[in-house]
Structures are given as C-alpha cells and as structure tokens.
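Here is how the chains run, residue by residue.
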Amino acid sequence: MTQYTVLIGGKAGDGILQAGKVIGSLFAGLGYHVYLSVDYPSLIRGGHNFCIIRIATKPVGAFNTTIDILLALDQQTITLHEKKLNPGGIIIYNSDTVTTDGEGIAIEPLLRRHNGRPIMGNTAMIGALCGVAGLPWSRISPVLASQFQKETELNLAIAQDSCLSVTPRLSVPADTTMRYPFFSGNEWIGLGLLAGGLDAYIAYPMTPSSGILHFFAQIAEETGILVYHPESEIAVILMAEGCAYAGKRAAVGTSGGGFCLMTEALSCAGQAEIPLVIVLAQRAGPSTGMPTYNAQTDLLFACYAGHGEFPRYLVAPATASEAYRFSAQALHIAWKYQIPSIILSDKTFSEGYYTADSIPDIISDIIPDSPQIPYSRPYERYAAGEWGISPLIHPPCTGEVVKVNSYTHDTKGISSEEPRDAIAGAAKRQMKSDALAKETDTREAVCTSGSPDSETALICWGSTRGVVNEVADALGLRIISPVVLFPFPKKTYLKAIHGVTRFILIEESATGQLQTLLLKEGFTITETILSSDGRPFPVESLLERVREIIHGQ
Amino acid sequence: MTQYTVLIGGKAGDGILQAGKVIGSLFAGLGYHVYLSVDYPSLIRGGHNFCIIRIATKPVGAFNTTIDILLALDQQTITLHEKKLNPGGIIIYNSDTVTTDGEGIAIEPLLRRHNGRPIMGNTAMIGALCGVAGLPWSRISPVLASQFQKETELNLAIAQDSCLSVTPRLSVPADTTMRYPFFSGNEWIGLGLLAGGLDAYIAYPMTPSSGILHFFAQIAEETGILVYHPESEIAVILMAEGCAYAGKRAAVGTSGGGFCLMTEALSCAGQAEIPLVIVLAQRAGPSTGMPTYNAQTDLLFACYAGHGEFPRYLVAPATASEAYRFSAQALHIAWKYQIPSIILSDKTFSEGYYTADSIPDIISDIIPDSPQIPYSRPYERYAAGEWGISPLIHPPCTGEVVKVNSYTHDTKGISSEEPRDAIAGAAKRQMKSDALAKETDTREAVCTSGSPDSETALICWGSTRGVVNEVADALGLRIISPVVLFPFPKKTYLKAIHGVTRFILIEESATGQLQTLLLKEGFTITETILSSDGRPFPVESLLERVREIIHGQ
Amino acid sequence: MASDRSLITDAKNTWCPGCGNFAIQHAFVSVVSELGKEGIPREKMVVVSGIGCHAKIADYLQMNSFYSLHGRTIPVATGIKMANPDMSVICFAGDGDLYAEGIGHLVHAAKRNIDVTVICHNNRVYGLTTGQYTPTSPYGFRGRSTPRGIHEYPLNVLDILLSCGATFIARGYSRRMPLLKRIIREAILHHGFAHVDILQICASFFNLTRYYDELVYEIPEENTTRYDTARELTEQWNYNDTGRIPLGILYKAEKPSIPETGELKEYDRMAFIRSLLDQE
Amino acid sequence: MASDRSLITDAKNTWCPGCGNFAIQHAFVSVVSELGKEGIPREKMVVVSGIGCHAKIADYLQMNSFYSLHGRTIPVATGIKMANPDMSVICFAGDGDLYAEGIGHLVHAAKRNIDVTVICHNNRVYGLTTGQYTPTSPYGFRGRSTPRGIHEYPLNVLDILLSCGATFIARGYSRRMPLLKRIIREAILHHGFAHVDILQICASFFNLTRYYDELVYEIPEENTTRYDTARELTEQWNYNDTGRIPLGILYKAEKPSIPETGELKEYDRMAFIRSLLDQE
Ligand SMILES: Cc1ncc(C[n+]2csc(CCOP(=O)(O)OP(=O)(O)O)c2C)c(N)n1
Ligand SMILES: Cc1ncc(C[n+]2csc(CCOP(=O)(O)OP(=O)(O)O)c2C)c(N)n1
Ligand code: SF4
Ligand code: SF4
Ligand SMILES: [Mg+2]
Ligand SMILES: [Mg+2]
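Here the protein sequences come in this chain order: V, G, H and B.
Once you know that position 227 of the first sequence is 226 in numbering that gives the first Met the number 0, the rest is easy, because the numbers rise by one and skip nothing.
Once you know that position 458 of the second sequence is 457 in numbering that gives the first Met the number 0, the rest is easy, because the numbers rise by one and skip nothing.
Once you know that position 66 of the third sequence is 65 in numbering that gives the first Met the number 0, the rest is easy, because the numbers rise by one and skip nothing.
Once you know that position 110 of the fourth sequence is 109 in numbering that gives the first Met the number 0, the rest is easy, because the numbers rise by one and skip nothing.
The reader is advised that the hints may include incorrect statements.
To be verified - Taking lysine to any residue pairs in the SDA-like style, the calculated list, with each CA pair at most 20 Å apart, reads: (1) G:Lys10 to H:Pro219; (2) B:Lys264 to G:Asp198; (3) B:Lys11 to V:Arg44; (4) V:Lys489 to G:Thr515; (5) G:Lys149 to H:Pro146; (6) V:Lys494 to V:Arg534; (7) V:Lys519 to G:Leu518; (8) G:Lys411 to B:Glu220; (9) H:Lys43 to V:Lys489; (10) B:Lys251 to B:Glu185; (11) B:Lys11 to G:Thr515; (12) G:Lys57 to G:Gly30; (13) G:Lys519 to G:Thr500; (14) G:Lys57 to G:Asp67; (15) V:Lys83 to V:Asp95; (16) B:Lys180 to B:Glu220; (17) G:Lys82 to G:Thr64; (18) G:Lys489 to V:Leu516; (19) V:Lys411 to H:Gly17; (20) B:Lys11 to V:Gln74; (21) V:Lys437 to V:Ile388.
As the list claims (entries may be wrong) - Covered, in the sense of this in silico footprint (three residues per stretch, anywhere, with C-beta under 8 Å from a C-beta of chain H), are these stretches of chain B: (22) 101 to 114; (23) 156 to 169; (24) 179 to 189.
To be verified - Here are some of the chain H residues that sit facing chain V, going by a computed Cβ distance under 7 Å: (25) Ala10; (26) Arg71; (27) Gly78.
For the record, the hints were derived by calculation from the structure and aren't laboratory data.
Idealized CB from N, CA, C, for every residue including glycine.
Model the full structure from these sequences, guided by the hints.
Next up, the structure:
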C-alpha cells in the first residue's frame, strides 16, 4: 500500500482542524482513503492542537508514530513532533514565526499580496503541501475549489501562489477518477440517521457528541429535520419521547455525564415502549475526566443503565459505512420494537474523519418494509402482538385514544398493580428481547477480518478496530469485533471464533469491559491489552504490545 | 418451632400498618421473633391494605399462605383473606360493619364507652387479639403501654376492655424475659448508619426509601443529625458530596428513578474521591412501575452506574442485624477508601419489620480505629498513598488548600490532560479496587446456612433470603447468599460452594441478574426461579417451585 | 352540567373523599366537551401528567395521554407540540412535581413561550408520598420530612412566571368551579405558554378549605393584559401570609411562540444525502 | 492593587486573550486578600465551580475548591455550608451552567436563602463547547446549534431572582473593575443568598464590549434595600433590548437564612441507639 502521513499543528484558534479537513478532503477527492485524527485540549485559544492525516491506497482508520510531512504553524509543533519525522520527511512551516529546516513559507507577505485574512495562512500551508507533494495544480484546483465555499477565488489564488512557490519533493500519484466521501464519525452517524428516516434531533452540547448537533443544525433547513437544543439533557430525552409519542422519529446525542441524566427517562422508554435513539459518544472519565480525549469505558453502563429490566439495542460502529448502516438500523430497530437503541461511539470515532469505501443502500438493504401492524378497535396501545410488539399508532386518530404510561399498566395503558399485569408486562418485554436477539444476530453484527485461519484473535469494538486492523495484518492474526453489543450476537460470534484458541482483548479501559459481556455469554478472553491515557494507540505501539504478549509466553 | 400468623386488613387510612406494628412489637416484647410484611397499593384512602405478622420462636423473615388469626376491619378483608385461614383459625372482626363468624367486637359502642376516637378501633382489635391469644393482661399491659406513647391511659383502657370481653381460644406462652428490638428494614439501615457515625442524611421522598428520611427527621433533634429534603435527587447527592468535602459523613436514600438522577454525581464521587453512602431501595420497575411493590432488578445497574470506571462498595443486607452491621460498614468503607458505597435494599426489606436476635457491636467489631493518615506539607489532596488511598483532610485547615476535582487531575487536584496523570488516576482507582476487594472478602460477606452438606444450594440475595431460609430448611438444602455484591467476595463464595453441584438462583427479576455477576467471576447457576409480579414469595409457593425443579429433572 | 361520561375511563378512581382533584377533573372534562362542540376534537388533545396524586388524572381521562415521570410533564409536552403543532397539549402537574423536581423545565417553557398549557394541582404538599413539604408549603409547615417545621418561605410561583416571560398566568381554586372552567378553557385556547396554578384541597394531608374560603376573591375579567397590574396581582399574595388571594387570569399577553407552524415542504432526503456523499 | 500571587496556583491559564474571566479572577483575588487582612482567613473560604470556561478559575486559585459538575455548583455549595456554617462558600458558575442546566438549584437556593454567594460569568454563550446560545443570549442569536438564529427571548435572570426571594442581587461588568470588587466583596459579606451576575466579555464567541460600554451605568449605592426600586432596576434592562443597563447592587434585604448556626451540643449517639434497641 502507498501511504503518506501528514501532521499539521498549531494553536487552538489557528484553524488546525479546518485545515486538516481540507487536506483530507483533497486527498479523498483524488481517490485516496483518508483517516484524520484530531488531538486538542479543552480550551479555546492557545494550547496545542494537531491533526494527523493518513492518506493511503487502502482503507485506514489509525495513525503511525512516524510522519512524512509536518506542517508547522508554530514553533511548538516543531518541538513536539519533529522527532516523529521519517527519514526523508519534509517540514513545511510558517517562516515568519518558526525556525527550522525544510520548506519555509513567508505567510504574512504572501497574504498581504493577496489581501488575505490571517486565518488564510492555512490555505497557504495547504497550497505548499500540494506543491511539495508534486500534485499538478490543474488536478487539485477543482478539488480545492469545492472545499472553500466562501471566498473561493481568494483562497484558490493564495493556495496556487504558495503551491507554485515551493519545490516539488514527492510525486504523489493523482491519476484516479475515484473520489471517496470524507466525513467525521459524528457526521457519518448523522447521515445514517438521516437515511434511516430521522425526523428530529434534540441535544444539549457535550463533547464529543456536539458535532452531530452542529451537523443537523446546519442541514435542518434543507432536510426538514427538527433540531432543538433545550435547557438540559433531561429535557432533551423527554422532548424526544414526546416527539416519538406524536409520531416523529427522534434521536438524541450526548456523552457520559449527559447520558447519566437521561437514564431515568431511558427506563421510562422501556416501560412505556417509546422508541428512541441515543448516541452515546464516550470520552475519558469518570466524571468530567478529559473531555477531549478517548475512552471505551461506558459499555457496561450502556448495557444496564436505567432501573428495572427492558430490552435495548446497542451498537458500536467502527467504520464510516458501519456508522451509516447501523445508525439507520438503530432507528429502524427502535421503531420496530418500540424500544430505545443506543449508538455507542467514542471521541476517537466521533471526531475522527473517515472515508467510506462502500455506502450501503439503506432503504433496501437495511430497512425492509415494515408494514403497519393492523390494530383492532378500540385501539389498545399495549395490546398483545406477535413477539410482544403492539400495533403502534400516534394521535390524533379519530375515535381512538393513545395512552402511554410509565407505571405498570394494562393493555389500554391504564396503571395497574395487579400481579397479572406486572407479569404480562415482563413477559412482553422478554418476548421483545428474544425476538430482537434473534433478528439482530446477523452476519454484519460481528465484523471479522485479518487472517481467517489464525488461532490467535484480536478482540475489539468501536474505534480501536482501526488500529487493530493494521496490527492484525502485520502479524497475520484474526480480528473479531462485535458491532452489535446488546443483545449480544451469540451465534455469529460463536461462528467467528471457530478455531481460535487465544483471545486478546484490546480496549481503551482499565478493566476490559467487553470481557464481562463475553463471560456472560460463555466466551472467554485469554489476555487483555488495556489503556487509560485517553490517546488512541498508534499502530507501532499496539504492534509492540501485541508482539510482547504473543512472543512473551 | 411454635409460630402464629396474624393478618390484619382494612382500607388505606384505617391505620393498618400502625396496628400491625403494635402487634409485632407486642410479641417482640414477649420474647418472640417477629416478621411483618405490609402490602398496600399506591393510594392514600380506600383500597385495601394488609399486614401479615409472623410470630415465631426462631428467627423469621417470610410469611405463609395460611394464617391463624385474621383481624378484619372491613368486609373486603374477609372476602380476600378468609380462604387463607388455617383449620382452627380465628377471625376477629369489627361487628359494626363486618359480617362473618368468629370473635366480633362492637367497636363503636366500645369506643363510645371510653370516649375514644375512631382510629382507636385498632386498639380494640389489638386488645381482642391478646384476649383470644390467652395472654394474661398483667403481662401485656406494660408492653402495650410502651407502644402507645400518646394517650396511653385511654388506649390501655380500650385494649383491656376489649381483651377481657373475648373468649381465650389459644394459650400463647408469654413466660420469657427476652425482648427483641423490632424495626423496619429502613429503620435498621438508619440505625446502622447512625451507629457507624453518620452526620447528615439528605433525601427526596421516594417509596420505598422514604422511611429512612422520616426516621432521621424524627430523631434529628436528639442525635444532632443534619436532615434535609431539597428540591430534587440531583441536589440531594451533590449536597451530600458538599457535606463530605466539608468533613461530614453524609448518606442519601432513594429508589430506582431517583438513583438514575444521581448517577452523574456518583461518577463525580468516583473521580473526585468523595466518600458517600447511597441507599438504593428497589421497587418494581422499569420506570414508575409499581411503586409499592417489590423487585430485585437494579443489581447490575448499581454495579455499573455512572460513566467511566471507579471503585464502589455494594451490599445487600437481608436481616436486621446485617442491615445494622453492613450499613455501618458501608459508611466506614466509603470514608476509608474515599469512594461511594451503595446499600441495596428493596421494598420487601425496607418496609418489612424484623426483630434482631443479635446486635453486632459496631464500634469494636466493624469499625476498627482508622487513624488519620499523616500527610506531608504542603497538603496534596490526591497524593499517592498506600493502596492508592490519599490522606484526607477537610477545610478549613490553616496554611493548606484542599482541592477536589471532577476532571482528571494531578496530585494537587488541578485539572490535567497529561497522559501520565490519566494513567496515575486510573492506577490509583485500580489499587483502591484491589485493596477493597481484599478487605471486604470476609466471612460475613457471604451468608451461608441451611444444610451444610447438601449438594444443592439455593442462591439468593437481599430480602428473598427470608423465604429461602424456610424452604431450604424444609428440603434440607444449602443456602448461599452474598451480602457483599461488589467487589464480589470471590474467595468466600468459593469456600461456600464447596461440594455443591446444583445451584438454584432465586431472584425477583425476569433475567436473573446475580447470574451475570457470578458468571463474570467464573461461577455458574444451574437453574433459576424468577418472579416479576412484585409480591414476595410466600413460603409454600417457593417450596412448591423448588420441589418441582428438584424432582422434575 | 354533568360530566361527559365518554371522557372518563373505567379505571377505579382512588383519590381520597373530599380531594380537590375531583373538581379539577370535572372542570377539565366540561371544557373538553365544550371545546369538542366548538370544533376542537378531543383526538387533537393530549394530556401529559407527572407522578403524584394529581397525575392519576391520566388514568381517569378517556383521552390521549402520556403518564410521564415525576417533574417531567413539560419536556414531554414540548416534544409533542414541536412534533405536531396541531395538537393541544395539556400538562397536569403537582406542586412537588413541577415546582421542586421540574422547576427548571417550567422556567424554560415560559421563556420559550411554547404553546402548551400547564395545570398545577397545587395542594402545597406531597400527597402520594404521604405528606412532606413542597416549594409552596408555608413557613413552619410540619411534614414527615420536617416534623419540626420548615424554615423556608414558599416560592411565589406566579410572580416568578411573570418574570420568566409567561404569556398566560392564572390562579384557580378547586372550590370555585365556574372560574376553574373559565380559566382552563382560556388557557387551552391561549396561543403560547399558559400556566394555571390551582389551589387544590388535599383532604388527607393539608386541608386549607377554611383559610382559602376566607381569603380568595375573583378579580374582574378585564385588565389582565397589563404587565404592571399583573405584577401587583402576583405580589398580592405570597403563598404564605394571610393577604387576600386573587383568583382568575392574572396576565395575558401575545408574544412569538414556538413552534411556529411553517408551511409544509416536501424534502427529498435521499437526494440530499446522495449530493453530500458525491460532493465531498 | 496588584494581585496577591500567593492566591494563584501555578496551573497554566488557558483563557483566551481578552477574555473577561481575567477581570473576574482579579477582582475576586483582591477581595480575598482584603478580607484576609480584615480577619476572614482564606482557609475559611471554599470556591465551587461548575464546568465551562468560567470554571477553570478553580484551577487557578490557590484556595480550597470543589471543581464540580456542569450546572451543579449550588447544591455542592449548599452541602458545604450546611456541614460547616463557618465557611464562606462562593460559587463560580457560567450562564449555560447556571441558567440552563442548573436553573432549578438557583431558584431553590434563593428560596431557602442559603448563605452562599453565586457569581455568574454571564458571557451569554457556551464558551467551552464553542459557541452555542444560552438562556441569556439575545433573540436571533446565531450559534453552532442555531445557525439561523434563536426564536426565544432571554431570561431576565435578576428579575426572576427577585421573585424567588433572593436577598442580595447585583450586576457587574467585567470591564468595570472597582465596582466588580465592591459587589463581590459585599456579596460575600452578605448574610443569606447573594447573587452576582457579571456581564463577561467572551472574546472568542460573543464580544459585546462596544454594546455594553455604551449602555451600562452604575447606580447610586443607597436605596438598594427597597423592593420596588429593585424591581424597577431589574426590569430596566431585559438582556435583549438596548435600554440602559444598571450595574451595582440592585437589591439587598435581611431574611432568615439557613443554616442557622445553633449552639453546639454534645450527643451520645450510642446511648441513644441503645435506648432505642432496648425500648422496643
Ligand atoms: C424522580 C422521582 N423522585 C421521587 C418520586 C416519588 N414521588 C412520587 S409522587 C411524589 C410527590 C408528589 O407530590 P406532588 O407533585 O405535589 O403531587 P401530589 O401527590 O401532591 O398530587 C414523589 C416525591 C418519583 N416518582 N420520582
Ligand atoms: C451534564 C453536562 N452536559 C454538558 C456538558 C458539556 N459542557 C461543558 S462546558 C459547557 C458549556 C459551558 O457554558 P457556560 O456554562 O456558559 O460556561 P462558559 O464556557 O461560557 O464559561 C457544556 C455544555 C457537561 N460537561 N456536562
Ligand atoms: S392525599 Fe390529598 S391530594 Fe392525594 S388523593 Fe388524597 S386528598 Fe387528594
Ligand atoms: S471562549 Fe470566551 S469565555 Fe471562554 S476563555 Fe475564550 S473568551 Fe473566555
Ligand atoms: Mg402536591
Ligand atoms: Mg457562558
């Protein structure tokens, strides 16, 4: 595989992420697979932000410890990252403020020539990158043009000036006609929800989930999606339940602290059978923790959150197309079973950017026609139905009343403390759980890749799959990575582990939470590689740790 | 064992529970072990309430399907409960309003004679019960006197009149000099917290935990306990954390819905290392469910509630003395390890009344001297310490600052996003978890009883132990009932199951939550007996179900 | 006028004898039947209730209902209204429910002037949990959590709502039936956030019949659109002292309200998605 | 007066250049040093912060601190004060933090007149989550969650607090240092619930310097104890229009406050428990 790693660094407020995105989109537009990882502390100006952009000829979802091109907007970027430069690597830097060796761009005079604003220094850096990469201006200018939707001409002029001012040092091929869509994990989730038929998105800002709110707020007008940001997460989830009651498909998004506040209403959705999608984007905890860093430590909480027992559907996508597919699926399942679905993401996935190689056809592949179940009159909201699923209608409905209830209730939805109604309610939930488990235990529920004959499997879920992929490839190991986590897809997992004798769990937690879920189903883990520093594993570090385990025993 | 079962029934508002309590206390005062179970729907007046009072010569914590004496304040009590009467059983009833056979008391004229108020009809019924039981007035009058703290003379006169007016039909022995303390599960938990050194109790009312709030509110003045009921459960737990920071030992109490709202702050206690005790009294869910009926469905939620990973101590007492001991212990552990402790109760236990045969000596048995760990200056709140425990001081402290923080932090308590601080924090929590697991895996952590040689064990936790005890006795089976649930007392449990080949889990849930915890530790369950109707098992029903399983295979 | 029986379910009513909730239910049922005749069909109404004695009304009304959580009527109602601006959404809340657990939602509902009606069964006590103080209990109130009396003054909720921007503020009393009907009717018809605080007798834990009967008076129907008059009225009684207690619509104003019912557009979602996926 | 460096930790300050938080911190540090000289030692103070840009002040102050949760300063502070009435407890909150997520606690803190001080860094935007509208953002505000502008009017928080029974209400501005010091000082010294709303410049997301500079004025120091004057002052500017903006202590009153510091008694817990266990 041909691949390049670009790192761009500077201060918060310098527009590092924006520049990274443009670079990523540029290469995605040239037919490359691209992964972008963003690292920033929780502050608004100053500090140090950087993006690593991995550009490759096959799908990627992780970064290396070494880089090929370093774009430095400030001196600190040099100090922190210079040592990662590969032999032959190139530094492109703002020569007004940074001293180092490489390709210096005098940004200030360049901008002055064009009457540009300071933030356009990024455009100059991007132009220089293209020049150094040896990309022909004729090939990149249309791709860049689509990236700068405001002040297009000005940006193009700056980029071109800068591009032509540097010496080409590489010759990155740009001859394909392919182009891959390139979005953040949050946006891929949003796109999947949109494709799945979402009507409303309600959220209170919380890193790393806010990107979904911003995405929907941006496209609300064009898509007719109702987008609202109310006073708290408690309001968020109950508004979503109100929407669902009135017949609109609603989703909400948050991170751990906000999710905590939603658990009472989650349980309400369980009792009252209100469909609902929650995106839970994990970050390093407990509590406020490190808001802009990663963790995979809310898995068991997501499985058991809310008092009492009720079915739920929990998925953790790890790639762009999984996010697209399973977000649509989560919505579909929630409405079909009238239960809450949880999409479990994490900082690395939500705020990383991914190209998708294949886009599932949501309408035909994922969401089969679910014909409205006919109901008998007078309508009873909780009437017995196949697999415990009652016909669902929404008010207004002439001559009928629709009563939903957080109390134990009879079939009409009226509160009851009768043992028979309590038993019937529990049985209904159990039937739904069973049917759900059966329906969702499909081939796609567990992603398997790597060497299918290896007796050693790397087990992982969520964003770590990106790096585990590369490690498994390098070592010839198998990968088993459940996407559906609850109800656990037992049959598919069992098939996936055929022939495996050694199970190495890789998880960004201190306790190895997937292990508890697996043990419950009768599966085992033989070793664990855990991490709690909030940073995704670079390929080389994980490789090292897996090697140690494999050779160390 | 000699035993009697008394059932008293009437409408909500008739004072059924109060009467039941007096009867229970009376027999406890005569040297009997007493268990009282209360059944009422969620309403204030009308409906049907009843208490079953089990009186025995050995410890009891369950009731039978049959009764010996039925006290009927209304006709519905006859309709609903008459069929449970044992052959030779006696009905005592208010002959003004109820028609049946047995010992009728014309309450209205009796009260008129003494100038009593209508609610004192209960006193007349109690007097009649004593008369029918053949208890000598001289023996019962001092015990009764201590029960009627208001209008003592009047109540005694009514009781005596009624007592002497009926024919003695039994001759219940009353010759011991023993007397057992008799309190509700909620009060036993309160007493344990009090003995353990509680300073403040903060709660928002929620059945079935409110009894603890009312208990502390009653004794606040005499004990100097700060008792406060604020605007919400979120306020409750954060006020408690404020108290803890300022050096006061605080506990809070709630049920599932309120606990949900506390989970964000629970996670905060985990990160900031704030000691805290939460009493979580389960009731039938999900959501509002059946507020006055039972369930054991919040076990896994309690284990994993709150985002991120942090140590917690979770206990589920099943007897009066366990509630006393482990509530004190929960407080002690919370403060020693600077972590949250959760006391997991349920409706049956919290609102049932129990005599205690032995009262552990809290001060010497449970709470060993924990000398203040010395600290070096300048004080650092999160300084490294043995087993990850930092020296804990409270402001004001001259020349020192005490900084606690919900963010990942350095040893001084200042926010940090450095990998090393994140790793150190996780390691600190892990060390505490390990030490905690070791310290709490003691003999008392798992209650074993029944036939020690039986290869079949009934596994249970919380309030079901009461009924499981009797079933195991009847069938010669072993009982294994963990009191400490998290961290799971693996060593003690392993010892307890020695020789057992068949494990029957009895749990009032639909999924058998303890099984998940056991599987995680490598233990198994062979069969489950579950229930979701919200009612505790009567002895006979459980006996039947266990028999079926044992003989059915 | 007798209650319209078709609006009542066959659920057993478990309110205590003498409870003020009966009057509230009766008044509401009358208004719903009346509005039905005037062209607002009951199908287009949804009742949202909290948790408490008051909330049982959801079980008793043969109407669309969402029996929600303690303190959470308002966000549920807001979601319903936003999803379908055609529905009339009425919250039945309790004073513990709404003014303690749920007060944050109330402030924000008034702020955004969401077009829902909130009816608070203000019995100034937690009924269903057997008698603790609430935010509107008077100074010194002895309840089960405060056997020695509270050391706090009650919230003057209507005065707060005026400050929050509510556009319809009314006070009723469970023993003044004609007024109750009128204000509930007006509240439902009001375009924007409407709040009705009903002094409701709790027969079992806090029976203030004599106190209220003596102090309440009905304000004249006019003049309710003036802000400063409204302020005088909300300040007149502070839920604590024995001043006179004004009943009626204390304030009524027009203000932009959400949701605004926009034109209905057709959206081609999949085309939009395809354009995004190709474009990037 | 230069800041007392001993009150500042060595944590790196990460507020944006030009942020109004610097002024608030400076004013507070001056007051703490001053009070220290007057016999209120810094050890007896605790700072409680929420989550947001404002909250970073907990890291920067070399003082007792509880860096709590988004929206939860008040219950934490209340717990501390109840546990130890000897401590001065000061909350540093944000407008998203306090007026959105935490508004319920604020209303109830004012109600119970708990003796704590709340200082709201009211930049009228969510700073740390990069620029969404808050409850005090003006009508039409465009933020990242509302790119087409909000259709809600802001909450007039000081007017609400007056209705809630707050006994000390003040407004400051991050560009009026002497006043800032005076009101923070008075707020801390006030016996009962004290609220200080500070119009704080957010240099990155909502820089209202010019608007404020033009409209603010300082009210005279006298007269702040009259309720109706206070009402006029809180109504004068509604956080939306371009009326004049009064700065200063808008209201100050005396009312019973909790906790009341009672006499210290000795309790024999174990004797009490024994008596219960024997008696029953
Ligand atoms: C989150 C939560 N906390 C507490 C409760 C328990 N609870 C049920 S009803 C109630 C009080 C109801 O009081 P109020 O709202 O005044 O209604 P009322 O019964 O007086 O009509 C409480 C605290 C609950 N159901 N949910
Ligand atoms: C429960 C919860 N929800 C959301 C967040 C995310 N969050 C962190 S800071 C913040 C906004 C802060 O705005 P504000 O309180 O106005 O403070 P500022 O940054 O403007 O000082 C939010 C929403 C959180 N930490 N916790
Ligand atoms: S307790 Fe009070 S509010 Fe509840 S039903 Fe009885 S009288 Fe009505
Ligand atoms: S974002 Fe605004 S409030 Fe936050 S530090 Fe920057 S200027 Fe200050
Ligand atoms: Mg009430
Ligand atoms: Mg702000």
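Here is what the structure says about each hint:
Between the alpha carbons of Lys10 (chain G) and Pro219 (chain H) the distance comes to roughly 44 Å, so the proposed pair goes past 20 Å and is violated. About 13 Å separates the Cα atoms of Lys264 (chain B) and Asp198 (chain G), which keeps this hinted pair within 20 Å; it holds. In summary, the hint linking Lys11 (chain B) to Arg44 (chain V) is supported, as the alpha carbons are separated by about 13 Å, within the 20 Å threshold. The straight-line distance between the Cα atoms of Lys489 (chain V) and Thr515 (chain G) is roughly 15 Å, inside the 20 Å bound, and the hint therefore holds.
In summary, the hint linking Lys149 (chain G) to Pro146 (chain H) is supported, as the alpha carbons are separated by about 16 Å, within the 20 Å threshold. For the given pair, Lys494 (chain V) sits about 32 Å from Arg534 (chain V) by alpha-carbon distance, which is inconsistent with the 20 Å threshold. Annotation: proposed proximity of Lys519 (chain V) to Leu518 (chain G) holds, straight-line Cα distance about 6 Å (limit 20 Å). In summary, the hint linking Lys411 (chain G) to Glu220 (chain B) is not supported, as the alpha carbons are separated by about 41 Å, beyond the 20 Å threshold.
Of the supplied pair hints, the one linking Lys43 (chain H) and Lys489 (chain V) is violated, its CA atoms being roughly 45 Å apart against a limit of 20 Å. For a cut-off of 20 Å, the pair hint linking Lys251 (chain B) to Glu185 (chain B) stands: about 10 Å separates their Cα positions. With a CA separation close to 46 Å, the supplied pair Lys11 (chain B) and Thr515 (chain G) exceeds the 20 Å bound. Taking the CA atoms of Lys57 (chain G) and Gly30 (chain G), the gap is near 10 Å; set against the 20 Å cutoff, the hint holds.
Of the supplied pair hints, the one linking Lys519 (chain G) and Thr500 (chain G) holds, its CA atoms being roughly 19 Å apart against a limit of 20 Å. For the hint linking Lys57 (chain G) to Asp67 (chain G), the alpha-carbon distance of about 17 Å falls within 20 Å, and the restraint holds. Of the pairs offered as hints, the one joining Lys83 (chain V) and Asp95 (chain V) is violated, with about 23 Å between alpha carbons and a cut-off of 20 Å exceeded. A C-alpha spacing of about 14 Å is found between Lys180 (chain B) and Glu220 (chain B), which places the hinted pair at or below 20 Å, so the restraint holds.
Pair hint Lys82 (chain G) plus Thr64 (chain G) holds up; C-alpha atoms about 10 Å apart against a cutoff of 20 Å. Between Lys489 (chain G) and Leu516 (chain V) the alpha-carbon distance is near 19 Å, which keeps this suggested pair within the 20 Å criterion. With a C-alpha separation of about 28 Å, the suggested pair Lys411 (chain V) and Gly17 (chain H) falls outside the 20 Å cut-off, and the hint is violated. Proposed proximity of Lys11 (chain B) and Gln74 (chain V) is supported: the alpha carbons are some 18 Å apart, at most 20 Å.
At most 20 Å may separate the alpha-carbon atoms for a hinted pair to count; Lys437 (chain V) and Ile388 (chain V) meet this at roughly 14 Å. Coverage of the stretch 101 to 114 of chain B by chain H holds in this model, with 8 residues showing a Cβ closer than 8 Å to a Cβ of that chain against a need of three. Counting residues of the stretch 156 to 169 of chain B whose C-beta lies closer than 8 Å to any C-beta of chain H gives 6; at least three are required, and the coverage claim holds. A count of 0 residues in the stretch 179 to 189 of chain B with a Cβ less than 8 Å from any Cβ of chain H is obtained; the coverage claim is therefore unmet, three being the minimum.
A hinted interface residue such as Ala10 (chain H) counts as satisfied when its beta carbon comes closer than 7 Å to some beta carbon of chain V; here the least separation is about 5 Å, so the hint holds. Below 7 Å, beta-carbon pairs count as interface contacts, and Arg71 (chain H) has one with chain V at about 5 Å; its hint therefore holds. At a threshold of 7 Å, the smallest CB-CB gap from Gly78 (chain H) to chain V is about 2 Å, leaving the interface hint in force.
Hints 1, 6, 8, 9, 11, 15, 19, 24 from the earlier list are contradicted by this structure; the remaining hints agree with it.
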